[in-house]
Structure formats: C-alpha cells, structure tokens
Amino acid sequence: MLGAIGAMRSYRRGPKRMGRRRRTMQHSSNRSGRLAVASLLALGVVLAGAWTPASAQQPITLSIIDVAGDLASVQVILDNYKKAFPNKVKEIKIQRAPAPELPAKIKAQQDAGRVDINLILTGQDAGSVLGANNQLIKLFPTYNKLFPKDELNEEGKALQDEGEGFLLPSVVNAGGPVFIYNPKKVEKPPKTADELLAWAKANPGKFIYARPANSGPGRSILAGMPWILKDKNPKDPEKGWDKAWAYLKELGKYIEYYPTGTLFTLREFANEQRWMIAGIMEWDMKPRAEGVIPPDAKITILENTTFVIDGHYWAIPKGVPQNEIDVILDLMKFMRRVDQQVLTYKAFIGPSIKAATLDKAPADIQKYVKEFWRPEYNEIGTKWKTTPQLGIKPLTYAMDRWDREVGAAQIKK
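Heads up: the sequence shown begins at 188 in my numbering, then just goes up one per residue.
Calculated from the structure, these hints are not laboratory results. Don't take each hint at face value.
[As the list claims (entries may be wrong)] DMTMM-like mimics (lysine to aspartate or glutamate), calculated; alpha carbons at most 20 Å apart, straight line:
#: 1; residue 1: Lys440; residue 2: Asp590
#: 2; residue 1: Lys388; residue 2: Glu459
#: 3; residue 1: Lys325; residue 2: Asp348
#: 4; residue 1: Lys417; residue 2: Asp381
#: 5; residue 1: Lys520; residue 2: Asp348
#: 6; residue 1: Lys419; residue 2: Glu490
#: 7; residue 1: Lys580; residue 2: Asp423
#: 8; residue 1: Lys572; residue 2: Glu341
#: 9; residue 1: Lys417; residue 2: Glu382
#: 10; residue 1: Lys580; residue 2: Glu437
#: 11; residue 1: Lys426; residue 2: Glu437
#: 12; residue 1: Lys599; residue 2: Glu288
#: 13; residue 1: Lys336; residue 2: Glu351
#: 14; residue 1: Lys430; residue 2: Glu382
#: 15; residue 1: Lys422; residue 2: Glu490
#: 16; residue 1: Lys378; residue 2: Asp418
#: 17; residue 1: Lys269; residue 2: Asp513
No experiment lies behind these values; they were computed from the predicted model shown.
Sequences and hints are given; from them, build the entire structure.
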C-alpha cells in the first residue's frame with residue numbers, strides 16, 4: 188500500500204523530474220533487492236527450525252506399524268485423512284507385530300540407516316521401551332503449540348505425561364483392572380485380593396491373564412495390584428512392591444501359562460477353558476459387542492482398586508525424512524479434531540480430546556456404546572479412583588522383572 192502511494196506521488200510531479208530520479212531509483216531498487224534476498228535467506232534459517240503444515244511436496248506413503256490394536260480405533264481417521272488430502276498421502280501401508288518385537292525391529296532399520304516405518308501406533312508397553320532407548324523423535328516441548336495439552340481430557344493429560352515427550356496420545360480410557368467371569372461357572376465372584384487368590388487355588392487353571400509386555404489387561408494387573416494390596420509405593424516397582432511381587436508369584440502357581448496376547452485369553456474364556464480372565468474397559472466391552480466372548484459375561488472389581496489409565500500413542504521413529512515428518516505431524520493434528528476423535532468411541536476406548544464427548548458422536552455410535560456400557564463404569568472417579576500408568580523407566584523395569592520372576596518358563600507363544 189505504501190509503495191503504491193509513493194508511485195502515485197511521482198506521477199503527479201510530471202515527466203521533467205522523472206528523468207533525474209530514474210538513476211537514483213534504479214540504484215535504490217538494486218540495493219533493496221539485495222537486502223530483500225538477504226532478509227529472505229535469514230528468515231529461511233529461522234523457519235528451518237519451526238514446523239509448517241505439509242503443503243507443496245510430493246504425496247508420501249504412510250508406512251504404519253500397529254503393535255497395540257490401535258487401528259480398531261483410528262483406521263477410519265487414517266482413511267479420512269487420505270481421502271481429504273490426496274496431495275499429502277498417496278498410499279497407506281500397514282503391518283502388525285507383537286509389542287516386544289518392535290524396539291529391535293526399529294533399531295535394525297535405524298542401524299542400517301534406512302527407516303521404512305514412519306508412524307508407530309503403540310501402547311504403553313512398546314512405547315515405554317522405545318522412549319527409554321531414545322529411538323523416537325521427541326515431540327514435546329518442540330510441538331507444544333501444535334498439540335496444546337489443554338485440549339486433552341484428564342486421562343489424555345496423564346497419558347501424555349507418562350510418555351515423557353516421546354509419545355502423542357491418540358485414544359484413552361480409565362483402563363482397569365477388572366476381572367471378567369462366566370456367571371454360569373463362577374457363582375460367587377471374588378471381591379478382594381485374598382478371595383481371588385483363594386478362588387484361583389480352588390480352581391487351578393481356570394484363571395488366566397496375558398504377559399504384561401503384550402497385553403493391556405496384563406499390565407493393568409501388574410500396575411494395579413500394588414494399589415489393591417496397599418503396597419509401600421505403587422509407583423516404585425523396584426522398592427515399593429513387596430506385597431505385589433509376592434502375590435503375583437503365589438497367584439502364578441494356579442495359572443497354567445501366560446499367553447503373549449489378550450486375544451488368547453478371550454478365546455479360551457469363550458470356549459469355557461477359562462472361567463475368569465483379566466480385563467480393562469476396552470477389552471470387556473469390545474469383545475462382547477463383537478461376539479468374541481458371551482454377551483452375558485460379568486465383571487468383578489476388587490476392593491481398593493484404583494483404575495490404571497490405559498491408552499494408545501502415536502510416535503515417529505528417529506531417522507524418518509523431514510518431508511514425511513511434516514505430513515505425519517499434519518495427520519496427528521487431524522487425528523485430534525473433534526469430528527475425528529468421536530469416531531473412536533466405536534472401539535470402546537474413546538477420545539483423548541476433552542471436547543470430543545459422546546453426545547457429539549454419530550447416533551449409531553452413541554447407541555452402540557450405550558448398549559454395552561456397564562453401570563460399574565459410572566462409578567469411576569467416585570467410588571473408584573484413577574491413576575496414570577507407570578512412567579517409561581519404571582514400567583520397563585516392572586515388565587522385565589515380571590518376565591524374570593513371575594512369568595519365567597510359563598510364558599507361551
């Protein structure tokens with residue numbers, strides 16, 4: 188605007204003065220051009236360290252690995268993003284793997300200098316190990332403005348804190364532990380830790396839970412039992428879990444084996460090989476809704492239970508090219524939109540964004556969730572407290588120690 192006004196003033200002075208000023212203006216113009224180029228170069232240096240939305244570049248292939256079952260919640264979001272932005276994503280490739288195998292798989296690619304996986308969908312198990320190994324790009328505080336913490340619900344905030352900057356929460360709920368039982372086989376479900384142990388002893392082989400490093404319900408027992416037993420320090424598995432370690436070892440005497448995945452426990456429960464299994468909210472409601480376990484299955488919640496928050500994360504491994512990082516950051520932002528987050532209710536784990544309440548979900552999803560909801564879950568936050576899962580280092584320690592001292596030779600793939 189100022190340049191246009193100046194030009195108009197020169198025109199009004201007439202042609203006699205224009206000749207005198209042309210050389211001066213040319214010199215000034217050349218000098219201004221050099222200054223403009225220098226300024227742009229300097230600005231480029233500054234902007235190189237900042238994130239800008241993915242725009243003018245070739246669309247990328249999203250190469251995703253899911254070790255947590257997160258796709259059940261977010262596959263629709265990935266598809267929606269690809270449909271909305273074909274200029275950013277040309278293809279989505281997906282692979283699945285057991286959580287304990289992921290760190291070694293990523294390390295092999297990083298050591299080779301070629302990281303083919305550019306987006307990780309993980310639970311707290313593999314996420315904690317990858318973070319502890321420093322194999323992930325640290326998202327926070329670098330991208331605090333892109334992903335404001337205030338957008339998260341309380342469970343989402345706890346999940347982000349647990350991730351120690353490496354992990355972005357995608358979906359979350361209050362978790363567990365709860366104990367799913369067959370009412371035809373279990374007439375009097377246990378209400379205390381002592382009663383659970385007595386029941387397992389009286390019914391050897393009829394209770395089962397999966398290895399914690401492979402299973403959300405398994406981790407819920409591991410991290411939840413110190414609260415139930417009122418251990419010295421439920422947040423310190425090394426020095427504060429004397430009661431929990433002793434209890435889990437004793438309980439293990441009456442468990443036939445520990446499978447490497449929650450699905451194995453659900454199948455054996457469905458065919459009545461097991462009468463009681465470990466559960467969390469997601470793995471109680473979803474299997475009933477999908478017919479994996481009988482719809483009349485019941486739950487019991489032990490006295491002194493504190494629900495250990497469960498959820499899934501998105502993460503980017505180190506070594507991913509910057510052009511791919513830019514698109515994935517944009518996808519992460521899209522994933523947090525309310526209209527996308529409400530779609531995750533259908534998988535019974537739910538949004539990490541506080542504005543994405545159930546009443547904003549499509550009517551069919553609202554009806555679906557309400558059909559399989561339990562009244563016991565309405566008491567979470569009142570009768571039952573909640574707590575974040577262990578941080579990266581203590582959770583890694585707890586899972587490793589469980590493998591050595593509790594699971595040992597009883598882990599079965």
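Consistency of the hints with the structure:
At most 20 Å may separate the alpha-carbon atoms for a hinted pair to count; Lys440 and Asp590 meet this at roughly 15 Å. Pair hint Lys388 plus Glu459 holds up; C-alpha atoms about 18 Å apart against a cutoff of 20 Å. About 13 Å separates the Cα atoms of Lys325 and Asp348, which keeps this hinted pair within 20 Å; it holds. Taking the CA atoms of Lys417 and Asp381, the gap is about 13 Å. The hint holds against a cut of 20 Å.
With a C-alpha separation of about 18 Å, the suggested pairing of Lys520 with Asp348 holds against the 20 Å cut-off. A distance of roughly 17 Å separates the Cα atoms of Lys419 and Glu490; the hinted pair therefore holds under the 20 Å criterion. Between Lys580 and Asp423 the alpha-carbon distance is near 10 Å, which keeps this suggested pair within the 20 Å criterion. Distance restraint check for Lys572 and Glu341: the Cα-Cα separation of roughly 13 Å lies within the 20 Å cut-off, and the hinted pair is therefore satisfied.
Proximity of Lys417 to Glu382 is assessed by CA-CA distance (about 16 Å); at most 20 Å being required, the pair is judged to hold. Our distance criterion of 20 Å between C-alpha atoms is broken by Lys580 and Glu437, whose separation comes to about 26 Å. For the given pair, Lys426 sits about 19 Å from Glu437 by alpha-carbon distance, which is consistent with the 20 Å threshold. Distance restraint check for Lys599 and Glu288: the Cα-Cα separation of roughly 15 Å lies within the 20 Å cut-off, and the hinted pair is therefore satisfied.
At roughly 13 Å between alpha-carbon atoms, Lys336 and Glu351 fall within 20 Å of each other, so this suggested pair holds. Using a Cα cut-off of 20 Å, the hinted pair Lys430 and Glu382 holds, with the two alpha carbons roughly 16 Å apart. In summary, the hint linking Lys422 to Glu490 is supported, as the alpha carbons are separated by about 19 Å, within the 20 Å threshold. Proposed proximity of Lys378 and Asp418 is supported: the alpha carbons are some 18 Å apart, at most 20 Å.
This hinted pair checks out: Lys269 and Asp513 have alpha carbons roughly 15 Å apart, not beyond 20 Å.
In summary, the structure is inconsistent with hint 10 from the numbered list given earlier, while agreeing with all the others.
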